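**Student:** Work the whole structure out from these sequences, hints included.
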Amino acid sequence: MQSGIGARIPRKEDARHLKGKAQFVGDIKIAGTWEAAFVRSPLAHARITAIHKPQGAEARVFTAEDMVDLAPIRCESTLPSYKVSDYPALAQGKVRYVGECIAICIAPTRAEAEDLAEAVRVDLEPLAPVVSVEQALAPEAALLHDDWGDNLFLTTNHAGDLTEAKAKATVVIEREYETARQAMNPMEGKGVLAHWDHKAEQLVAYTSTQVPHLIRTGLSECLGLDQAEVRVIAPDVGGGFGYKCVLQPEELSLAWVARRVDRPIRWTEDRREHLTAGANTRQHKYKITAYADDTGRLLGLDADIWVDVGAYSVWPFTACLEAAQAGGNLPGPYDLGAYACRTYSVATNKPGFTPYRGVARPGVCFAMELTMDAIARAVGRDPLEVRCLNLVQGAAMPYTNITGKFYDSGDYPAAARAAAEMIDSANFRARQKAAAAEGRHIGIGFSTFTEQSAHGTKVFAAWGLPLVPGYEQAMVKLTPSGTVEVRSGNHSFGQGLETTIAQVACEWLKTDLAQVKVTMGDTGLTPYSTGAYASRGMVMAGGAVSKAAEELARRLKIHGAHLLQCKPDEVEINDCAVTNGIASASFAEIASAWYLHPDRLPDDVNTAGLEVTEGYKPDIDTGVFTYATHAAIVEVDPATGRTTILDYVIFEDCGRRVNPLILDGQSYGGAAQGIGTALFEEVIYDAAGQPLTSTLADYILPGPAELPHFRLGHAETLSPYSRHGIKGVGEGAAIAPAGAIVNAINDALSGYGVELTQIPATPHRVLSALLDAQDKQKVPA
Amino acid sequence: MKPAPFTHDRPDTAAAVASALAGDGAKIIAGGQSLGPMMNLRLARPAHLVGLTALPGMTEITETGGAIHVGAGVTHARIEDGDSPVTLPPMLRHVARGIAYRAVRNKGTIGGSLAHADPAADWVTTLTALDATLHLRGRESARQVPMRDFMLGAYRTALAPQEFIETVTLRTSMREALWGYDKICRKVGEFADAMAALVLVPGEGYARLVVGATGGRPLLLPDLAAQIARTAQHPGPDVLRAALAEHLPEADRVKLHLLTTALDRAIAKVIPA
Numbered sequence: 001m002q003s004g005i006g007a008r009i010p011r012k013e014d015a016r017h018l019k020g021k022a023q024f025v026g027d028i029k030i031a032g033t034w035e036a037a038f039v040r041s042p043l044a045h046a047r048i049t050a051i052h053k054p055q056g057a058e059a060r061v062f063t064a065e066d067m068v069d070l071a072p073i074r075c076e077s078t079l080p081s082y083k084v085s086d087y088p089a090l091a092q093g094k095v096r097y098v099g100e101c102i103a104i105c106i107a108p109t110r111a112e113a114e115d116l117a118e119a120v121r122v123d124l125e126p127l128a129p130v131v132s133v134e135q136a137l138a139p140e141a142a143l144l145h146d147d148w149g150d151n152l153f154l155t156t157n158h159a160g161d162l163t164e165a166k167a168k169a170t171v172v173i174e175r176e177y178e179t180a181r182q183a184m185n186p187m188e189g190k191g192v193l194a195h196w197d198h199k200a201e202q203l204v205a206y207t208s209t210q211v212p213h214l215i216r217t218g219l220s221e222c223l224g225l226d227q228a229e230v231r232v233i234a235p236d237v238g239g240g241f242g243y244k245c246v247l248q249p250e251e252l253s254l255a256w257v258a259r260r261v262d263r264p265i266r267w268t269e270d271r272r273e274h275l276t277a278g279a280n281t282r283q284h285k286y287k288i289t290a291y292a293d294d295t296g297r298l299l300g301l302d303a304d305i306w307v308d309v310g311a312y313s314v315w316p317f318t319a320c321l322e323a324a325q326a327g328g329n330l331p332g333p334y335d336l337g338a339y340a341c342r343t344y345s346v347a348t349n350k351p352g353f354t355p356y357r358g359v360a361r362p363g364v365c366f367a368m369e370l371t372m373d374a375i376a377r378a379v380g381r382d383p384l385e386v387r388c389l390n391l392v393q394g395a396a397m398p399y400t401n402i403t404g405k406f407y408d409s410g411d412y413p414a415a416a417r418a419a420a421e422m423i424d425s426a427n428f429r430a431r432q433k434a435a436a437a438e439g440r441h442i443g444i445g446f447s448t449f450t451e452q453s454a455h456g457t458k459v460f461a462a463w464g465l466p467l468v469p470g471y472e473q474a475m476v477k478l479t480p481s482g483t484v485e486v487r488s489g490n491h492s493f494g495q496g497l498e499t500t501i502a503q504v505a506c507e508w509l510k511t512d513l514a515q516v517k518v519t520m521g522d523t524g525l526t527p528y529s530t531g532a533y534a535s536r537g538m539v540m541a542g543g544a545v546s547k548a549a550e551e552l553a554r555r556l557k558i559h560g561a562h563l564l565q566c567k568p569d570e571v572e573i574n575d576c577a578v579t580n581g582i583a584s585a586s587f588a589e590i591a592s593a594w595y596l597h598p599d600r601l602p603d604d605v606n607t608a609g610l611e612v613t614e615g616y617k618p619d620i621d622t623g624v625f626t627y628a629t630h631a632a633i634v635e636v637d638p639a640t641g642r643t644t645i646l647d648y649v650i651f652e653d654c655g656r657r658v659n660p661l662i663l664d665g666q667s668y669g670g671a672a673q674g675i676g677t678a679l680f681e682e683v684i685y686d687a688a689g690q691p692l693t694s695t696l697a698d699y700i701l702p703g704p705a706e707l708p709h710f711r712l713g714h715a716e717t718l719s720p721y722s723r724h725g726i727k728g729v730g731e732g733a734a735i736a737p738a739g740a741i742v743n744a745i746n747d748a749l750s751g752y753g754v755e756l757t758q759i760p761a762t763p764h765r766v767l768s769a770l771l772d773a774q775d776k777q778k779v780p781a
Numbered sequence: 001m002k003p004a005p006f007t008h009d010r011p012d013t014a015a016a017v018a019s020a021l022a023g024d025g026a027k028i029i030a031g032g033q034s035l036g037p038m039m040n041l042r043l044a045r046p047a048h049l050v051g052l053t054a055l056p057g058m059t060e061i062t063e064t065g066g067a068i069h070v071g072a073g074v075t076h077a078r079i080e081d082g083d084s085p086v087t088l089p090p091m092l093r094h095v096a097r098g099i100a101y102r103a104v105r106n107k108g109t110i111g112g113s114l115a116h117a118d119p120a121a122d123w124v125t126t127l128t129a130l131d132a133t134l135h136l137r138g139r140e141s142a143r144q145v146p147m148r149d150f151m152l153g154a155y156r157t158a159l160a161p162q163e164f165i166e167t168v169t170l171r172t173s174m175r176e177a178l179w180g181y182d183k184i185c186r187k188v189g190e191f192a193d194a195m196a197a198l199v200l201v202p203g204e205g206y207a208r209l210v211v212g213a214t215g216g217r218p219l220l221l222p223d224l225a226a227q228i229a230r231t232a233q234h235p236g237p238d239v240l241r242a243a244l245a246e247h248l249p250e251a252d253r254v255k256l257h258l259l260t261t262a263l264d265r266a267i268a269k270v271i272p273a
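So the sequences go chain by chain: Y and L. Note that full-length UniProt numbering gives residue 255 to position 255 of the first sequence, counting from 1, and the numbers run on in steps of one. Note that full-length UniProt numbering gives residue 188 to position 188 of the second sequence, counting from 1, and the numbers run on in steps of one.
Worth flagging that the hints you see were computed from the coordinates, not collected in a lab. Treat each hint with caution, since some may be false.
Said to hold, decoys possible - Capping the alpha-carbon separation at 30 Å, the derived lysine-lysine pairs in DSS-like fashion look like this:
1) Y:Lys433 to L:Lys269
2) L:Lys107 to Y:Lys21
3) Y:Lys778 to L:Lys255
4) Y:Lys29 to L:Lys2
5) L:Lys2 to Y:Lys19
6) L:Lys187 to Y:Lys433
The structure displayed is predicted, hence computed values, not measured ones.
**Tutor:** Following this line, the structure appears as C-alpha cells:
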C-alpha cells in the first residue's frame, strides 16, 4: 500500500508549514493576552540583597517573594550520593548563572514588558564565580549550593579490573579531550501562553514542549494543583532536540502569573535569552588511558569524565543523566575486555545541563573515536582495520557489552566497511599523496557509534530519575465518515512523527495518508505518553498505534463481514474497505452502519466500537540499538585554519525504515548539528562567568554553505524485539560527526605533527596548533 | 530583544535633516542592518531616528566629469546586481556580492556601512583601496573627504554632529583597475577575520594596498604598494608578515597569520606568487 510502512512520501505537516499557516505559541491569538519579559541575572554568582519594583507598576512585576505558594523545581534521584538542588522559577536569595530569571514583568506588548523589566532594580552582592570544573573542584572553591559542602552533584564509579589489560598491553595511549558548551538553537525557542479557563476550571498552558504530559505533571506538582486542573497543549513546535523535554522555570512563572492576574500571558524566548540562559549542554572533559596490543586490539580502557552540569538539576532528567550516559556509553560499539570509569557531575555557574540530541554520546563518541585513531597510529595500522578488529562482530549478536548494554541486532563492522567503500577509502592514500603534491592537505576520518533508542523502564529507573517512562498508549478510531483518526500523547516537532505514526495506521487499515487525521500533544485530547525524547517516538508511539490499528482492523473485519454476509476469516482489508473477492464494504459504509444505522449490524454486536486505545512496550526494556559509521574527507587550509568537508558519507542501520524520506532528513539534520559541534558551536565565558556569545554573530552555527552534500547508505536489520522491527533514529546522526571530522583533520595535518583533541576545531584552534608545532620545530634540538 | 521607545521620520530636505539631527538623541538610520540589531539589544538607544531616503539623489547613481557618484542610500544589493544607469567598477560589484547575506544586502546601504565604520566591514577597506571621495553634507555646509581620511578608528569617523554622507565618488578610471580582494570569514556571510585589497591603475601610476579587519581603521601599506607597482612581483608572505607585524604590534600570532594570508591572496589575484 502506498502510504504504509516503508513508503517514501512527503510529510503531512509540510503543507501548513510551507504556507506559513502552522500555529506556534507565538501565533496563537486569545483576546486580552499580555506579554511577559523577564528580569534576568547580569551576574554569574551573586547574593540578591534587594529587588526594587518600579513605582506604580508593582502589580505588573512579580518576584520569588510574591510566589510563596509556588514550589521550586526539585529533581530527586535514587542514585546514592546524589545532591538535590532546588531550582526556583524565580531566583531566591542567590543567582547562580547569567540569565537566571529574577522577576517577571507583564504588559500589553513585549516591548512595554521589556521597558518595565529594564526599570526593575536588583541589588546584587557579587560572589566568586565558578566557571570551570577545575575551579569548582578546587579546595577553596565558592559553593553553588551553600549546604552541600562541595560542588559535586554526583560521582559514579564503574570499577573494573584493568590488571590483566595493563599486563598484556604493549601500547598505552593517554589522552585528554574537551568538548565545548553549546546551545541547542531550535528555530523556535521556548514559548508559553497560559490562562485560566473558568469553564473547565483548568489552567491551560500552550507550551513549546516535546513532553506535554510530563509538563502537566510538573506544573501541577509545583503549583499545587490536581492534574485534572491542568491542561497542557503543545501546538506546532519548531524543533526540540532535548531543549524542550524538561520543565522550564518560565513555564512555572507564566502559569502562576496567568492565574494570579486572571489574564492570558505569553512569553516568547528570544535568541539572546536562548544563547545565554539556554547555554546548557555538551560540555565534557575526558582523561583516557587505553591499553592495546600490537595489532591494535583494545584490551582495556580507563576513563575519568567530568561533566560541567551548571547550577541546577533539570526535571525530570536530573543533572546526572549526562554523566550516567557518558560512563555507560563510552565503550560504544566496541568489544572491550576491561573497563573502569569514574564520572563527576560538577556544579558551575552556568545554566542547568539539559540532554541534547545524542545525550552524552557525541562527547563519548568523539573521545572514543579519536582514541581509536591514536591506537591505529601507534601500531601503524589503518584506522578502519583497527576499528573493525575491535567492533562487536555481527556473529556475536545479540551481545551484552561490558557496561551491560544489550545490543539487539546488527553487524557493526559491515557498516564500517560499507561506509569505507562508499567513500572509497581504499584509494584515499593515493589521492592524499596527489593532493599533497599540489600543496593541499586532505585527510580521512571515521566514526562509529551505537544509539540506544526507546530504552524503557529498567534503564531509566537505573539512572535514578524521579519519573520513569514505561509503556505508551495511542488511540485509533474510524470516524463516522469512514476516515481514520489517530491520537497520541507523544509529539511531532519537526521529526515527522505526525506523518510516520499515520503511516503505521495506514499499514493496517490500507488507507491513504490523506485519510488519516492525527492529533498529538494535547493532554486534554490524547492518551498519556511521557513524550518524545531518547529516540523513542517511532518505536513507542508507532508501536502503540500499530497495536490499536491492528485491533481496529480486526473489528472492522467483523462488521464488514457481517455486511458482506460472510465470515470474518473470509475477508481482508484493501483500499479503505473490507473485501471478499469482488464484494466489498467500504469503511464509509461500515462507519455509517456503526454510528448511524446500527440496525444493519447484528443484535449481539460487539459494543466496544470503532475507537480503540491500546498500550505498548517493546519485548525488551533495554532499548533497541541503531548504529552507523560516518566517514569524512576534509581539506584543511593551513593558511586560514579553515576546514572544508569534501565528502561525507553515513552508513546506518535503524531497522525498519518507516518513511525513508523522513529518515534521510533526520540524517541530514542530525549530521548538520554534529558538524556544528565539530567545527563551529561554542559558548565562550569570560573569567567572571559572562557568556561572550550572546548573539548569532558570535555563536556560529553552520549554514548551507558550510555543509557538505551528505551521501547516505542503509542496512535494514529488523529488531527482533520491537513492532515491525523499528529502531529509533532521531538522535544518531548528531553523534558521530565530531569524531569523523577531527580524525580527518588530524590525518590531514599529520605531516605537521598536529593532533587536535578539543572541539569545536575552529580555525583559531587549528592555527594555534600549527603555529605551536612550527615553534617547536624551530627550537634547536 | 525589543528596542527602547523611539520616534522616526524621513525629512525631504537637507536643512530638515540637519534640524532633526539637532534634537537630543537623534541618529541617522541608513539601512539599519547594524543599528537595528543594536537597538533590539538596547545597546543603541536613539530617541529619534532620521531616515535619509526621501532626500533627492540619495539613492541615485550618476556619472559626470570622469567621476561616478553613488548615492549614500544605494543598497549593497543594487551594486551587486549592477542595477545602475552607469557601469560600476567590477570590484564594487564583486565586493557587494560578498557582504553578509542577501537579506542584509537588500536593506543595507553603502553610506550606512561607511558611517558605521565597523573595522571588519567590506566598504571601508574597498573604498579606501579605490581612492573614493565622500561628499558630506552639514546644516549649512558641504565638504569632501577622501576615504583614506574618513575612518578614524573602530566606529569613529570624520563626520561632525549633524553631518551625513551624501554621495560616494569614484574616478571612472577605477573601471579599468587591476584589483585583488580577499577576505577570510568563519562562515559565508559572517564578519571577516581578515581582509585585504590591492588596486593598481597602471595608466595613472596609482597603486594602493589596504588591509582591513585589523580592529581599527584600514591599514595602508604604501611602500609595498609602490614596490609591487614598480617590480610587478609578489613580495612573498614573509615580507608581508614582517610589514604587518611592524604596523600592527598588538596583533596576536593567529591574527597576524590570517591578515598575512588575506594580503598574500589579494596580491596573488593580480600578480601570482
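**Student:** Please go over all the hints and tell whether each is borne out by the structure.
**Tutor:** Hint check:
Simply put, lysine 433 of chain Y and lysine 269 of chain L have alpha-carbon atoms about 27 Å apart, close enough for the 30 Å limit, and the pair holds. Distance hint between lysine 107 of chain L and lysine 21 of chain Y is fulfilled; the C-alpha atoms sit about 27 Å from each other, no more than 30 Å. For the proposed pair lysine 778 of chain Y and lysine 255 of chain L, the alpha carbon gap of about 20 Å is at most 30 Å, so the pair holds. Note on lysine 29 of chain Y and lysine 2 of chain L: the hinted pairing holds, with a Cα-Cα distance of about 20 Å set against a maximum of 30 Å.
For the proposed pair lysine 2 of chain L and lysine 19 of chain Y, the alpha carbon gap of about 27 Å is at most 30 Å, so the pair holds. Our distance criterion of 30 Å between C-alpha atoms is met by lysine 187 of chain L and lysine 433 of chain Y, whose separation comes to about 28 Å.
Taken one by one, the earlier hints all hold for this structure without exception.
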